[in-house]
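A.B. asks: Chain by chain, the residues run as shown.
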Amino acid sequence: MGKHILVIDDEEMVRETFVLALSAVGYAVEAAADGEEGLARAQAQRPDLVFLDLRMPGMDGVEVLRRLKSPGGCCGDVPVYIVTAFQKEFFGALREAAKAGIAFQLADKPLTIGQIQMIARGALEGRVSE
Amino acid sequence: MSEGRTARIDCLAAVTHAAQYLAGMRPEADLWREFGELIRRFFEADVVAIAERAPDGLLCFSYASPADESARLRLLEAVRRLGGPVLDSGFLSTEIIALPERHAVALLPVVWEKGADALLIVGHVGDTPLPRDLLDVYLAVARLIGSTLTRIGFEEQLKRRAREQTCIADLGRRALEGGEIGRLMDEAVEQVAQIMAVDYCGLFELLPDGSTLLLRAGFGWKEGLVGRATIEADPGTQPGYTLRSGRSAAEANVQAERFAAPPLFRAHAVAASATVPLAGRERPMGVMGVHTRTVRTFTDEEVTFLQSAANVVATAWERKQAEDRIRESEKKFRSMTDTSPLAIYMSSGIEQKAEYINPTFTRLFGYTLDDVPTVSHWWPLAYPDQRYRDRIVEEWQRKVAQAIETNSAIEPMAVVVTCKDGSKKNILWGYISTGVQNWAFGLDLTDRKRAEEALRAANAKLTNTLEELRATQQQVIQSEKLAALGTLAAGVAHELNNPLMGIMGYVTVACEATQEPQARALLERASRELERMRDLIRNMLGFARPVVEGKLSAVDVAAVLERTLALLRAEFKVRDITVTTEVAADLPKVTAQAEYLQQALLNLLMNARDAVEGRPERQIRIAAESRGGQVVVRVVDTGPGIPPERQGRIFDPFFTTKPPGKGTGLGLSIARNIVADLGGSLTCDSRVGEGATFTLMLPSEGAPAR
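Line order of the protein sequences matches chains D and X.
For the first sequence, the numbering used here begins at 1 and goes up steadily by one.
For the second sequence, the numbering used here begins at 1 and goes up steadily by one.
Same shape as in the complex, but just chain D (with noise of 0.2 Å):
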């Protein structure tokens, strides 16, 4: 299949989490543990779905993402879960963004390894479909 999946997420138990669960069915994973690092690897190699986290030191979830959609970003038509347990602090921005036409999907943490491969499939296999 040769889908590659970029996780973001400053935890390293979740990030093995994605990596167990995504590369169990046979998706190439990358993780990256901040934003910065996220972005770089993002540019390194394209990837198909982004799974990211909003609460992370230095640049948070939504940022991240705008950088993701911006125009001559890399992503603009990768999808993106963002994955997050309802931090309020951030409505107010995910809103700005989804109104400044910025595509994302929501997660609910904690995702389950079976949750996570049922996403990814879905947005994997949908799109390819297409």
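It is worth saying that the hints were derived from the structure and are not from the lab.
Because the structure is a prediction, the values reported are computed rather than measured.
Using N, Cα and C, we set each Cβ at its ideal position, and we do this for glycine too.
The reader is advised that the hints may include incorrect statements.
[Unchecked claim] Beta-carbon label-pair distances, calculated as ranges:
#	chain 1	residue 1	chain 2	residue 2	range
1	D	Glu96	X	Pro499	30 to 36 Å
2	D	Ala93	X	Arg525	36 to 42 Å
3	X	Gln619	D	Ala93	46 to 52 Å
4	X	Glu613	D	Glu96	34 to 40 Å
5	D	Ala28	X	Ala521	45 to 51 Å
For this one, chain D is given, so just place chain X on it according to the hints.
C.D. replies: Structure of chain X alone, referenced to chain D:
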């Protein structure tokens, strides 16, 4: 000689006749002259003179003829030598003295009533003594003169007494008429001066300093002194002595006597004085005096008359003063009753006839004196309802009787009085009886009742407001508690979520990897427990989910602001905090929930309140305006300001600069959460020493959200 004797006896008869004729004549000098002339004519005497004993004891001529100066001096010498002994012994003396021609002179004592004695001096030219029978005739003439003078004196005395009595009666009548006291005083000094034939008469008023006598009224004094001139009431002076001792004093010769003359007297060359006290009931009021420029003896009768006049003046004067005092106190009382807020009804007599009602009475009830001429007119008007009236009258009479019996004031009685215009008033009646007059005092309680009700209503409102404030504060505390719990739970949940997600992943992978049935079963159980844990955490996160719940609607920010301020107004007042609001007139509505918006504003205002606490200037300014599709509310305080390092943290939960127990550190955090939930923002701008401005922005209703 017998012929001559007959002729002389005829002459004597003529003299007697003339004396009777002359009896009504005055003054004395004229009388002496008439006598002298008669004797000269009828007895062909060459010298006739009458010498009187002056107050100084010396004899001096009241009449002398011829008027030749040197003859008179010689005659006077003889009189000085012989007159005293003649007068003292009552016997005549004959002498041949050297006048221009030698004369045989007879000195004949003229004796009449006490003190006023004189000598009749008759002389004929010749060297031989006067014949005995002529002397007898002269003696008879002298006696005749004496008795005539006595009679004249007596009549004169009677007349003077009559004049004095008329004067006193006249003064008394004037005094009784109660005219101006000054007029009476003027009248008194003038009449007394005339009757007593003195040069000066004065009424001296003792001034309040107790030592100065003021010439209050006077007769004969130099122009401009009455009402101005004063004398010291020194007991060494005659007026001072009279004032201090309360006794009259008469001095025939001021210069020669015991008293020192005050400057006023010296300036008027006063030679003789009589002074009497103007006696008041409690203290002397002054002195009245008569004074002459010539030496003169004041008789007891004269002093008594002066005292009588003084008594009339003093009595009238004192009564006048008392009347003035009464009038003054009546005036005071009248102005008191006229302006009294109490309705006053004064009645007297068995029929309780109204004698006085004050303006307040008429103003309150509308009834005039004509409406209620007696108390029995009052009852049916004031209490038209028969049964109520009977009850009131019965109670009133019982209370009045009790008050009289116990000699105490009546226990006040509250009634409802029907006024002339039909309106009703709550009146509290009091009553005092002086035995002659009955005074009823009515206090209008209507206004007070109204005021009490208003006060009660205001109290109730205040209580409600306080309750509301307490409830709101309770609500704030409650939501702060919940928010604190939620924040804590969210923090914990977020921290737990990440490892949980990892553990769940690991367990799932391990479960799929193992073929050992028991291990697989255990890992599946672990997985289920992890899912339960995940659900628990989700529930905990529920607390931290959006604060604002329920339906949003169009909310008038100005109204919410007003309500919020109302909750704190009393508190601001107590803390002496000035609050000003500037709300734009065309402020659009916002999409929100009024309760939450109110809480956010309340938290901001309470923060401002705490910020200005203890500051010299305590002001909170609230401004609301519309700007670019947003409603912007600014809360500006004159607090100490927030240092830059703290500004990033003030919205953090549990961050507080207030002393322990004062704040939860959640007020601003909650306010920001609410505003965030409503799609707005809350920011702070502050510099140390310049206060702080909190800016709350909410999208206007209908405006596109950010």
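A.B. asks: Regarding glutamine 619 of chain X and alanine 93 of chain D, is the given constraint of 46 to 52 Å on their beta-carbon distance met?
C.D. replies: 36 Å, violated
A.B. asks: Given the hint of 36 to 42 Å, check if alanine 93 of chain D and arginine 525 of chain X actually sit that far apart at their C-beta atoms.
C.D. replies: The hint (36 to 42 Å, Cβ to Cβ) holds, given that alanine 93 of chain D and arginine 525 of chain X are roughly 41 Å apart.
A.B. asks: When you take the CB atoms of glutamate 96 of chain D and proline 499 of chain X, is the distance between them in 30 to 36 Å?
C.D. replies: With a Cβ separation near 31 Å, glutamate 96 of chain D and proline 499 of chain X satisfy 30 to 36 Å, so the hint holds.
A.B. asks: Taking the beta carbons of glutamate 613 of chain X and glutamate 96 of chain D, is their distance inside 34 to 40 Å?
C.D. replies: 38 Å, holds
A.B. asks: Confirm or reject the claim that alanine 28 of chain D and alanine 521 of chain X have a C-beta distance inside 45 to 51 Å.
C.D. replies: Distance hint for alanine 28 of chain D, alanine 521 of chain X is violated at roughly 33 Å.
The structure does not agree with the numbered hints 3 and 5 stated previously, though it agrees with the rest.
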